[in-house]
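> Sequence:
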Amino acid sequence: MKPVKRQANRVLAAAAGLFAGALALKYHYPGNELAAALLTISEASLAGGVADWFAVTALFRRPLGFPYHTALVPRNRERIIEALTRTIEQDFFNKQSIADRIHQVNILDKLTAYAGTRISKAGVRTVLDTLLAELAQTIDPGTVGKYGERLLKVILRRQSAAPQAAALLRWTLQEEKGGELYTAVVNELAVRCAQEGTREAIYNYLEQLKQNTAQKNWLASLVTGVLEGMDGINLEDAATALHEELIRTVDELAGPEHPVRQWFQEELKEVSVNLETPEWAAIIDDWKNGQLARASFAGPLTAVVQAVLEAFKRPSAYRDSVADWLVGQLASYWQQVKDSTLLQHRAETYLKTLLTDIFNKEHSLVGQVAGSALRKLSDEELNQFIEDKAGEDLDWIRINGVFVGGIAGLVLAVVQWLV
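Residues in the sequence shown are numbered consecutively from 365, following our numbering.
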């Protein structure tokens with residue numbers, strides 16, 4: 365119990381005692397004017413004290429069980445909470461007052477002071493390491509692969525391939541790599557020619573050519589049939605011979621003095637120039653976009669992301685390296701901000717604008733939080749909350765009631781004595 369509340373109870377008890385004493389004196393000395401005056405004063409004092417005690421108590425509870433217009437706070441708790449919420453939201457923490465307070469405070473200075481005393485490099489390193497582990501647990505590799513494919517294709521479509529191809533060809537010619545490129549092309553061609561499927565492709569082509577020739581007219585069909593019957597046309601042998609000839613021809617292309625090698629070098633120079641023309645650039649980009657439409661990067665990207673996430677889920681050298689790199693980057697950026705007045709001004713302006721925008725957009729949360737906190741209070745806790753906020757004033761009302769009642773009684777006693 366508060367000291368003032370105890371004092372108010374004692375004053376009321378003293379008034380009751382004074383009334384009892386005056387009543388006894390009046391009983392023993394019925395004709396004594398002083399005893400009558402004392403009784404009048406004590407009556408008024410006790411009545412004032414009891415009336416104010418009743419009024420103050422009726423705000424929060426039912427004094428002596430009296431039900432009529434008592435326990436006003438619990439009975440009107442929703443109205444009181446709404447009024448308090450509006451007061452907090454619209455008066456104490458309105459948008460303008462919050463914005464003014466934000467602009468008065470140097471946010472960056474406070475962040476710098478806090479970081480200097482509370483945040484250490486080791487602490488930041490621990491937080492980043494934990495964050496990387498949590499991200500690795502929550503990220504879906506398939507989703508990253510799908511959206512990564514979209515992003516990669518968008519980037520590649522926006523980039524023209526012709527300038528890069530022209531630059532690559534110019535570098536190839538400057539570094540005299542044209543011969544190596546030619547050799548690589550010929551070697552790849554030799555590998556393709558040596559495959560059995562190449563002979564089958566030649567045979568199928570000859571078979572189709574034979575059928576197309578035979579269908580042109582009756583004479584061609586007759587001649588083709590006669591030659592095939594006399595073994596003049598043996599497609600199997602022809603395909604084999606052509607395949608062997610193709611292999612020999614490709615092997616000859618690999619010779620250092622072959623004319624095709626020289627032609628290839630000259631064509632590279634011409635192509636490197638033509639690639640910079642709009643016509644060739646459009647052709648290259650059309651080819652590139654067609655390849656992108658058919659290509660699928662989601663699978664490889666998903667596999668890469670999956671491997672990275674698996675490495676980050678548990679302590680590893682990869683996770684340590686990334687965390688250390690992030691710490692170094694943050695420290696570098698932070699030092700740049702501290703060393704640059706311009707960056708500090710920009711950061712301060714950005715932070716203030718950001719916080720002001722957040723408070724303006726989410727200002728209703730102030731009232732919602734206050735209302736939610738008040739509604740969690742029980743009736744007794746709400747009573748105690750209001751009593752605490754009112755401080756000692758309510759108890760002083762009771763004390764004043766006793767003394768004001770006594771003064772009123774004194775006035776009445778004087779009037780009675782004069783009359």
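Since the hints were made in silico from the structure, they are not lab data.
Just so you know, even glycine gets a beta-carbon here, dropped at the ideal spot from N, CA and C.
You may find that some hints are simply not true.
For lysine-lysine, the following DSS-like pairs were computed, each having C-alpha atoms within a straight-line distance of at most 27 Å [claimed, not checked]:
(1) 725 with 740
(2) 510 with 652
(3) 485 with 677
(4) 702 with 541
(5) 716 with 702
(6) 459 with 702
(7) 753 with 725
(8) 517 with 366
(9) 459 with 677
(10) 366 with 677
(11) 369 with 390
(12) 541 with 633
(13) 753 with 369
(14) 652 with 474
(15) 459 with 474
(16) 459 with 652
(17) 677 with 510
(18) 474 with 485
(19) 716 with 459
(20) 485 with 702
(21) 474 with 702
(22) 366 with 633
(23) 716 with 474
Label-pair distances were calculated between CB atoms; the ranges are [said to hold, decoys possible]:
(24) 475 with 650: 18 to 28 Å
(25) 671 with 752: 52 to 62 Å
(26) 761 with 442: 18 to 28 Å
> For every hint, state whether the structure bears it out.
Evaluated hints:
1. Pair hint residue 725 plus residue 740 holds up; C-alpha atoms about 26 Å apart against a cutoff of 27 Å.
2. Restraint check: the Cα-Cα separation between residue 510 and residue 652 comes to about 20 Å, which is no more than 27 Å; the hinted pair holds.
3. For the suggested pair residue 485 and residue 677, the alpha carbons sit about 22 Å apart, so the restraint of at most 27 Å is met.
4. With a CA separation close to 50 Å, the supplied pair residue 702 and residue 541 exceeds the 27 Å bound.
5. With a CA separation close to 18 Å, the supplied pair residue 716 and residue 702 stays within the 27 Å bound.
6. The suggested pairing of residue 459 with residue 702 is violated, with an alpha-carbon distance near 31 Å, which exceeds 27 Å.
7. Restraint check: the Cα-Cα separation between residue 753 and residue 725 comes to about 30 Å, which exceeds 27 Å; the hinted pair is violated.
8. Distance restraint check for residue 517 and residue 366: the Cα-Cα separation of roughly 74 Å exceeds the 27 Å cut-off, and the hinted pair is therefore not satisfied.
9. Restraint check: the Cα-Cα separation between residue 459 and residue 677 comes to about 44 Å, which exceeds 27 Å; the hinted pair is violated.
10. Between the alpha carbons of residue 366 and residue 677 the distance comes to roughly 57 Å, so the proposed pair goes past 27 Å and is violated.
11. Between residue 369 and residue 390, the direct Cα distance comes to roughly 31 Å. Violation of the 27 Å bound is thereby established for this hinted pair.
12. The straight-line distance between the Cα atoms of residue 541 and residue 633 is roughly 12 Å, inside the 27 Å bound, and the hint therefore holds.
13. Simply put, residue 753 and residue 369 have alpha-carbon atoms about 14 Å apart, close enough for the 27 Å limit, and the pair holds.
14. Restraint check for residue 652 and residue 474: the C-alpha separation of about 53 Å exceeds 27 Å, so the hint is violated.
15. Between residue 459 and residue 474, the direct Cα distance comes to roughly 22 Å. Compliance with the 27 Å bound is thereby established for this hinted pair.
16. For the given pair, residue 459 sits about 54 Å from residue 652 by alpha-carbon distance, which is inconsistent with the 27 Å threshold.
17. Between residue 677 and residue 510 the CA atoms are separated by roughly 21 Å; this keeps the pair inside 27 Å, and the hint holds.
18. Proposed proximity of residue 474 and residue 485 is supported: the alpha carbons are some 18 Å apart, at most 27 Å.
19. For a cut-off of 27 Å, the pair hint linking residue 716 to residue 459 stands: about 14 Å separates their Cα positions.
20. About 16 Å separates the Cα atoms of residue 485 and residue 702, which keeps this hinted pair within 27 Å; it holds.
21. Only pairs whose Cα atoms come within 27 Å are accepted, and residue 474 paired with residue 702 is accepted, the gap being roughly 13 Å.
22. Distance restraint check for residue 366 and residue 633: the Cα-Cα separation of roughly 99 Å exceeds the 27 Å cut-off, and the hinted pair is therefore not satisfied.
23. The hinted pair formed by residue 716 and residue 474 meets the criterion: a straight-line CA distance of about 13 Å does not exceed 27 Å.
24. Remark: the range hint 18 to 28 Å for residue 475 to residue 650 is contradicted by a beta-carbon distance near 53 Å.
25. For residue 671 and residue 752, the hinted distance range of 52 to 62 Å is satisfied, since their beta carbons lie about 60 Å from each other.
26. Judged by the Cβ atoms, the range 18 to 28 Å given for residue 761 and residue 442 holds: they are separated by roughly 26 Å.
When held up to the earlier numbered hints, the structure conflicts with 4, 6, 7, 8, 9, 10, 11, 14, 16, 22 and 24 and fits the remainder.
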